[in-house]
Amino acid sequence: MNIPFLTSIVIFLPLAGAVVTMLSKSESAIKWSALGVTVLTFFVSIGLYLGFDPAISTATVPQLADLSGSWFPARFDIKYFVGIDGLNLLLIMLTTLLGPIVVLSSWNYISKSHKPYYTLLLILQTGVTGVFAAFDIFLFYIFFELTLIPMYFIIGIWGGENRVYAALKFVLYTLVGSLLMLVALIYLGYAAGDVVNAGVFTTDWYKLVSFNMPIEMQGWLFLLFALAFAIKVPLFPFHTWLPDAHVQAPTGGSVILAGVLLKMGTYGLVRFCLPFFPNAAQEYAMTFAVLAVIGIIYGALVARAQSDAKKLVAYSSVSHLGFVVLGIFAFTVESLQGAMIQMINHGISTGALFLIVGMLYERRHTRDMGDYGGLASSVPMLTFFMILSVLASAGLPGLNGFVGEFLILVGSFKSTVLDSPILIAFATSGVILAAVYLLHMVYRMFWGTIDREENESMKDLNRRELALLIPLAVLMVVLGIAPAPFLAKSEPAVKELLEMIESKRIAAEVAAELRNSVAYVAPEAVEADEPEVLSPITTH
Amino acid sequence: MDPELLIELVILLPLLGAAFNGLLGLFQPAHRTREKLIGTVATAMVAIPFLIAVYLFATFDGEAIVATVFTWMAAGDLTVNFAFRIDQLSLLMTMIITGVGGLIHLYSTGYMHGDDGYWRFFAYLNLFIFAMLNLVLGNNLVVLFLGWEGVGLCSYLLIGFWYKDLKNSAAANKAFIMNRIGDFAFLMAMFILFREIGALDFDSLLAGASSMDQSSINWAVLLLFIGATGKSAQIPLFTWLPDAMAGPTPVSALIHAATMVTSGLYLLARLSVIVLSAPVIMTVIAVVGALTALVAATIAITQNDIKKVLAYSTISQLGYMFLATGVGAFYVAIFHVMTHAFFKACLFLGSGSVIHSMHHVEHELAKDGHGHELDAQDMRTMGGLGKYMPATRMTFLISTLAIAGIPLFSGFFSKDEILFKAFEFGYDGHLVGWLVYGVGIVTALLTAVYMTRAYVLTFEGEERWPHADTIHPHESPWSMTTPLWILAGLAAVGGLVGIPAVIAHGDLNWIHHFLAGDQAPVAEYAVHGHVPVALEWGLIAFSSLIALFGVGLAWKWYSTEGPAFDEKLSARFGGLYRLWKGKYFVDEAYDRAIVRPLIGGAIHGLAPFDKYVVDGLVNFVGFFTRGASFTLRYIQTGIVHSYAAAIVFGVILLGWLMLS
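Those protein sequences? They're chains P and E, same order as listed. Numbered according to the working numbering, the first sequence spans residues 1 to 540. Numbered according to the working numbering, the second sequence spans residues 1 to 660.
Rather than coming from a laboratory, the hints here were simulated on the basis of the structure. Every value quoted in this text rests on a predicted model; they were computed, and no experiment measured them. Each hint should be verified, as a subset may be incorrect.
To be verified - With a Cα cut of at most 16 Å, we get these calculated EDC-like pairs of lysine to aspartate or glutamate:
id, chain 1, residue 1, chain 2, residue 2
1, P, K112, P, E27
2, P, K207, P, D194
3, P, K495, E, D305
4, E, K164, P, D451
5, E, K164, P, E456
6, E, K611, P, D308
7, E, K581, E, D305
8, E, K556, E, E475
9, P, K112, P, E161
10, P, K459, P, E362
11, E, K164, E, D116
12, E, K556, E, E460
Build the full structure now, drawing on both the sequences and the hints.
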């Protein structure tokens with residue numbers, strides 16, 4: 001099966017859908033066309049899953065690639081370049097899967113301005129998919145920024161009482177990071193272009209990774225990139241925009257935010273920071289791992305302190321994504337594979353938690369856990385899905401969360417880059433804390449006797465809500481007991497990536513040593529050259 | 001038949017049962033009231049696996065069989081398969097779990113009759129059996145861990161089964177979180193083993209252990225043991241088990257006595273080769289086990305809630321098993337796991353039968369409007385129940401004698417073997433052996449006392465509930481007494497599989513040969529010097545006397561004076577008794593030292609810190625930027641004169657700079 005432009009279709013189908021919703025007149029036409037388009041996109045994206053063959057190396061070119069000529073005059077090698085490899089396949093699948101779920105979750109929740117809402121939602125999906133599929137970093141940047149605008153409006157218009165503040169904070173915070181990344185990106189394009197692209201500025205991912213950057217140049221470029229992604233993840237201490245954004249965003253916004261937008265950060269770390277700047281990435285690995293582990297524990301404890309259920313789930317994201325970042329900076333196949341699958345798992349289980357909290361909010365218009373209590377008696381089905389999601393989120397073996405956490409931890413423990421059993425012990429304590437805050441939430445909201453009439457008469461899940469939750473529940477179980485086929489999709493790419501990082505790291509070190517020995521032989525000659533050869537800004 | 005297929009069936013059937021009752025009940029409310037169907041399906045889904053296990057046992061030829069179903073996860077060097085292992089150890093455990101489990105399912109069909117959550121109860125119970133079977137049949141540590149956490153989940157769900165009372169849910173949370181602390185250690189042990197050996201299946205682990213350095217081995221074994229203290233309720237992680245009695249009584253019998261709490265022993269027995277290569281940690285295990293046995297036994301003496309007595313008794317007996325493990329007698333620990341499963345399940349089910357009938361008394365009292373509050377589990381308002389409940393009494397008595405270690409009852413054989421192994425370990429030159437032997441003997445005396453106390457206070461003497469002359473409890477239905485009789489029978493004769501070595505040179509000690517013989521999975525500490533036969537007989541006589549003495553003493557005390565005798569004990573032991581009665585104040589200490597600082601710190605420390613410091617800084621940057629721009633905008637006045645003045649001023653400044 002070989003459909004031309006499949007990747008591009010998956011990216012732009014939602015955008016085409018946005019045109020349809022924009023032209024639709026009635027509310028139901030808008031909703032149904034949004035749903036239709038997202039469902040269709042999901043089914044088309046299955047073609048990507050089936051069409052992608054992990055046995056074929058993506059070391060020089062991605063699969064199912066779509067490539068244009070350069071957009072700019074010959075001085076710039078900037079192209080439309082998208083494709084699929086082991087690193088982005090599952091994230092794209094997650095995005096297309098959450099598409100219809102987000103639309104359905106908004107069905108009744110969104111009560112005003114349907115047309116712009118669904119239009120923005122669809123534009124957002126195009127942006128996110130594009131981010132994951134892009135193999136040109138300039139294109140990546142465009143999609144990256146494209147996701148900001150719809151999300152800004154989704155929070156700012158359809159959000160809660162403090163929505164404008166949250167939306168502004170979200171945009172400004174992310175923008176600070178991404179603008180710094182833009183500076184680094186331009187610098188990188190020139191520096192790499194000089195060496196690997198006959199002096200022509202390039203943003204082609206494959207050309208950029210083939211550029212063996214001198215160690216001295218890596219440090220600050222790495223930090224600029226990593227900061228942008230660390231804010232997006234968010235990594236402690238750059239996380240405070242997240243609870244605000246989550247609490248204020250409508251359910252659909254929260255789901256897409258937790259489900260895929262945060263993954264742009266972790267994905268960016270894997271896709272760009274590691275292979276572009278291998279030496280710097282390893283040099284700063286411990287710093288990032290420590291921040292990640294602080295995030296795991298800190299996020300969990302602050303989650304425990306919340307009385308707002310949605311805020312609790314938001315802080316749990318800080319904790320969970322700490323695991324992902326830890327896995328990324330441990331530089332082992334096990335841990336990076338764990339991080340890849342954990343990105344998916346987090347999208348599913350936290351997505352489900354946000355959905356359920358949103359369903360409760362729709363019924364009672366409160367997020368305060370104290371306003372609930374004893375719900376297990378009145379809404380058994382909702383309780384079942386809640387507990388299942390909680391258990392998945394808490395990393396119970398047999399459900400999806402365990403697989404990612406286990407691989408991350410087992411891999412990080414043997415990591416020679418980190419080589420810190422104590423740090424991993426702290427990270428592992430996150431499994432205790434996850435049980436503490438998640439069971440606390442279940443305890444307060446679902447157990448006990450009902451003491452409010454509104455809770456007594458609460459309606460259990462309807463068909464639409466079941467249709468939302470059942471696919472996620474099934475995936476929790478499937479990814480929990482049979483993650484192997486999914487892991488197999490990314491394993492070769494992850495291995496290739498780590499091998500490439502290792503060989504680039506050694507090459508850069510050898511090059512640096514060579515320069516030093518040259519400096520030893522002929523000090524005056526190098527002294528004269530130094531300002532031109534080396535960047536004036538060094539990391540040391 | 002193909003054993004691989006059969007073992008998959010053994011594991012799958014309880015899961016199917018759980019899914020059938022659970023999902024049907026959840027989505028089809030009409031299903032919830034079909035008690036007959038629910039109970040039959042659930043019981044059959046455990047009984048059939050039991051029959052299969054017996055068949056596998058009968059046809060087992062001593063060669064371990066591994067059934068690999070499919071790959072769970074694979075990444076880098078790590079490959080984890082859903083693979084299940086049939087060998088002596090797992091077969092024995094499977095038979096215990098499905099056998100005792102099946103009986104408890106049958107019992108529950110009567111016990112839970114009329115409960116709103118009947119369907120839920122059996123779904124959880126089946127799910128538990130499924131998880132427990134994964135635990136004992138899994139061929140690698142990760143599948144074992146799946147079962148390990150799975151039984152923890154079911155324990156959580158069943159302790160909090162009556163969720164409308166938040167006390168039960170709090171006990172459930174406590175159990176789950178304390179277990180997770182143990183699981184944390186278990187995970188860390190796996191990380192060490194994987195780093196050192198590169199695999200987590202048992203064959204690789206046992207083969208690779210010899211290549212590990214001593215410090216890694218010590219850490220791994222210590223962490224595994226800490227994991228075991230969580231699940232098996234040992235010091236320091238034992239306080240969840242008494243609270244876990246909040247669950248329905250069959251749950252206490254199945255999960256919190258016969259099966260789940262013994263998984264720590266199973267884990268250490270399964271990895272006995274590795275444990276044996278960490279002698280320092282074995283000493284720790286022996287001491288912690290002995291200490292737990294003693295501490296829990298002293299608490300048990302002071303409890304008035306019949307289930308609490310049994311709960312502390314369980315902790316104490318588990319302590320014995322760890323003691324055995326610590327002196328390298330892994331097979332004896334498993335032997336005691338088995339006999340304990342019989343008599344303790346019987347005792348718990350017996351107490352359930354008692355509680356069942358006391359609830360009846362409670363209802364009668366309420367109906368008559370006597371206005372009495374009655375705690376159906378408080379032994380002080382029982383007494384003389386033997387008259388009304390002959391079957392419950394008889395089976396309870398048999399089990400009491402078994403746990404007390406009266407000769408020829410099952411507990412006598414297994415407990416005596418533990419004490420002997422401790423003695424032998426000491427005789428072999430390990431000081432710790434003597435120490436734990438001494439503690440074991442004292443605990444044996446205490447065991448005989450507190451169990452006899454419980455039996456006498458419940459079944460003998462005069463009836464102490466209000467209006468006992470008119471309100472009579474009655475015996476439970478057949479579905480409940482049948483399991484009691486079967487378990488009591490096993491509690492009586494089950495010890496014969498382990499005739500001590502002093503008779504026929506150990507040839508009759510079947511369980512030793514089965515578990516620890518050639519090619520069998522359980523290793524054991526090899527003694528250098530054998531204890532003389534005469535001394536061995538002497539030891540047996542000594543511990544028998546201790547047991548008889550304890551039973552006799554308690555019988556005399558409590559049959560004449562009833563619960564009032566506790567006051568005498570209290571007066572005699574003073575502060576010590578208060579310490580026992582207060583459960584050594586461990587809960588209070590944990591609460592003050594860990595729980596409150598952690599939760600309080602999160603609420604009053606970290607959350608404000610996050611809001612005002614971390615986020616405060618971010619907002620400060622924002623406000624600063626905005627403030628600066630508000631200030632700077634005044635420069636852009638739009639007045640041409642001032643712009644011109646600025647230009648002139650600038651030119652002068654530049655010129656001055658260039659000239660100077």
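Which earlier hints can't be squared with this structure?
Per hint list: 3 and 8 violated.
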